[in-house]
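Colleague: Letter by letter, the chains look like this.
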Amino acid sequence: MTSQSLSALTIRNLYKSYGAVDVLKGINLEAQPGEFIALVGPSGCGKSTLLAMIAGLESVTSGEIRIGNRLVNSVPPKDRDIAMVFQSYALYPTMTVRQNITFGMESRGVPKADQAEAVKHVAALLQIEALLGRKPGQLSGGQRQRVAMGRALVRDPKLFLFDEPLSNLDAKLRVDMRTEIKKLHNRVGKTTVYVTHDQVEAMTLASRIAVMHQGSVQQFDAAQMIYSRPANMFVAGFMGSPAMNFIPAELGDGAGRPCVTVRTADGGTAALELAQPVPAGAPRNVVLGVRPEHIYRFSDDLKHRKRAIAAVKAPVELVEPTGAETLAVLRFGDLEVTGRFDPDGAPRMGETMTLGIDMARACLFDPTTQSLL
Amino acid sequence: MSIHDLSVPIAVPARSWRDRLGSIVPILVLAPSLAASFVYVFVFTGWTLYLSLSDSTLLPSYGLTGLDNYASLWSNRRWNIAYTNLFLFSGFYIVGSMAVGLLLAILIDQRVRGEAVWRTIFLYPLAVSFIVTGTVWSWLYNPVDGIQALVRGLGWSDFSFALTSDRNHAIYAVIITGVWQSSGFAMALFLAGLRSVDPDLVKAAQIDGASVVRTYRKVILPTIAPIFLAVAVIQIQFAIKTFDLVAALTRGGPGISTTFPAIYVYDLMFQRGEIGEGAAAAVMMLAALAVVLVPYSLWVVWRRRAEAGNG
Amino acid sequence: MAELAAAIDLEAAAASRRHFWSRFAIYGLLTVFAAIYLIPLLVVVFNSFREQAEIARDGLISLPKTFRLEAWAQAWSTYCIAGTCQGMQRNFLNSLWMTIPATIISTLLGAVNGYVLSKWRFKGSEVLFTLMLLGVFMPGQIALMPWAFVLGKLGLTNSTYGLILVHVVQGISFTTLFCRNYYIGIPDDLIKAARIDGAGFWRIFWKIIIPLSPPILIVTVIWQFTGIWNEYLFGVVFTSGQAQPITAALVALTASGTTARSYDVMSAAVLIGALPPLLIYLFGGKYFVRGLTQGAIK
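Chains as they are written, first to last, in the numbering used here: chain A, 1 to 373; chain B, 1 to 311; chain C, 1 to 298.
Hints were generated in silico from the structure; no laboratory data involved.
Any given hint could be a false lead.
Stated by the list, open to error - Capping the alpha-carbon separation at 20 angstroms, the derived lysine to aspartate or glutamate pairs in DMTMM-like fashion look like this:
id, chain 1, residue 1, chain 2, residue 2
1, A, 306, A, 342
2, A, 158, A, 35
3, A, 313, A, 300
4, C, 65, B, 145
5, C, 123, A, 81
6, A, 135, C, 189
7, C, 286, B, 109
8, C, 207, A, 358
Bear in mind the structure is a predicted one, so any value in this text is a computation, not a measurement.
Okay, chain A solo, but in the shape it has when bound:
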């Protein structure tokens, strides 16, 4: 029990059902004080429900939610010491920005002078002083976003909750606001739970990410671990764009060294030497997971730079230059594999190129359980 005092938020074996439908199936999570946790997953995975339950807006079917040390399962939202930023911002349309920010303090009976002081402070922090007299309808998307954050900040809560706060903004503004949220978090240092379906947002903002799918947490780990050692094929496929390539392969021995055999475009096979020993209990048929950026044009120089490079020939079927990098669709058997190349020396359409795959960073999955081997 003493270990709990370290966590700002603890969720244990949490279930949520609507009638016969289980929306959340045994969620376990915790957040350290000051930590930024991202809940990420496709729509309908239950991440927003989980957030609403943390906020107290949805009831708990079973399990427990603790904020700090306190069990809050049946505490009404206003007494949970939380603040929330909504996807739609949920700014009260008939009130000015100032009234929006003070509404919560008024509800709690904070003296007027303190209210004014708090508004001043938050407005300065978010640079919205000039907007205080306006109504939400007169603000741009980015400004509304700031006001919504100001309303949350002014509560000075134990826990910040963000429900897809950037998804209503256009692409450029989204990147700007993302940076601002990160800066703000660094400055304020509050524990934050952030729901998003955008894996880039999750990666850039969070210290730890919980990837959710069909009502359960698939993996809860540091951002880099989620990316490089995904617990299963769902996580591997969801995080990263373009997505990780999944190539059916067969485990075997190539000249005494462990390797996987994959099919090539010419109907033959190629043996790729593994960087690690074959995990114990691995099935014969596996799925080789290779991220696009771990596929290179083969060269002797590459062989020297990287520890474990496996060479394989593949025809280039399509080339998509994006400016900073060039994506190429490569043929492996009846499979298409995406590679990500430097524009210098990028593949040309129609060419059959020799690829160097960085096997040290490849993942092996069990095709039946879908989990990492």
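Use these hints to put chains B and C onto chain A, whose structure you have.
Modeller: Same frame as chain A, now just chains B and C:
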């Protein structure tokens, strides 16, 4: 449908007595209205249903007589005229007000100048009571003072327009007046429907070379088909409840030629002291409404389910 | 090239002719219909200012040659209805004192009910809403005898209070339906944000819902006001004589044509009876149509 679309539940178990009170406030607030509605909808209906099976005459009485009142009602010539009138009136009234309403809506939808003025003109009868409308039109129909007199005065001395004094045609006077009163309402609903049609759809039809008439017939009107039904159902309700209009326009006459069920219920209950039979007639009115509304509600529910299923 | 250009010119000219004639037809039709809608109103307005003698001479439908307010004064305070010669003033006031409270009460109840049924739903609340909705479809006739009994027991027969009660109960269904359908469109996130901000049921209602409500409250008030003011059945059944609302008095007045019909006074009486809802409609009609089409067709 995503999960957070579901509305805020109040199921959060409360801690203090204050919070606990807070969670039942919504139900407490709703309770008086619910109780009143329950009494109004169920108790009153049940009561009248009971009266219709009783031997009540001048005063309510609670001895049951089975279906005697209904038998007596249906063997009455006046009731049969009332029921026939209701069908005749409903049919012409609905078709008429929808046709005029649709025409006006389409005309106004042609980007006409002063749209608000036209709309106001066509809609103002809705604000006026059937009593006022009926009274004024009864003057216009009056052969001695009204339209007939005017036209004859202009030189057409054989002109005849005396619907309300003609047993066989008085019902049409009720229909015309009803259409005059409510076609503006149909217009407003149709216009809203026309405005809700995706403008890209119309542009696509234009690029496909469809004429204006064809665009309306094949593209616009089919997409607002549900509105036709909604308007029809609303108008049928008016038709079945029609009482004031007839009371002010023809008072059921000449003779009994424009008697309606609603008029007859009133007469039986309050003029002739036949409460039991009056209740039976009221129940028949409710039955007529149910015949229209029950299938419509089922259709609405079905359509909503189907849409939710597709979305 | 020149030929082609000429052909295009010809085509353009034909198109613009077609355009002219179609515009002509549109405005022509609208004008005809506008005349049909306006003439009855004009006839009544004119006749209320004409002398009865002139009406008798020139006919009911004619431009006014005289102008006097006497008919209005008579209709208001001295004309005889069923033996009592006090005009319509009592009945007008009856209608006013019936309509205003009934409108306010039923609108407020509808707003609160709509708020609960859209933002504080609970298990079974949809069923309860459907139940309340049935009241919209009930014909008044089915409730006549029960109402007569209830009003009698409460000592409210022949009284404006009785009619207020009837209209409030009957109106709750409509007002609840309107408000609920409107409030459904207010994002739930607002309510959630307010709950996190510590606002309770009533604070959310007064501070967030009500400030967003003017469009639907206008619709509801107009609907209720015109509906209750114009209602006739309950008025004629549950009250009599000086206690009657204006609709019932109008029917009595036009029916008591003992001598030659005095169209001037009757016209003024009709207008007095029609004026309040007409004014309300003229001032609020724009919002009414907008709101009604938002709420009614969904």
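Colleague: Look at each hint and say if it fits the structure.
Modeller: Hints and how they fare:
1. A/306 - A/342: 16 angstroms, holds
2. A/158 - A/35: 11 angstroms, holds
3. A/313 - A/300: 15 angstroms, holds
4. C/65 - B/145: 18 angstroms, holds
5. C/123 - A/81: Since the Cα atoms of residue 123 of chain C and residue 81 of chain A sit roughly 28 angstroms apart, the hinted pair is violated (cutoff 20 angstroms).
6. A/135 - C/189: Holds. Residue 135 of chain A to residue 189 of chain C sits at ~18 angstroms (cutoff 20 angstroms).
7. C/286 - B/109: 16 angstroms, holds
8. C/207 - A/358: Between residue 207 of chain C and residue 358 of chain A the Cα gap is close to 61 angstroms, so the pair fails against 20 angstroms, i.e. violated.
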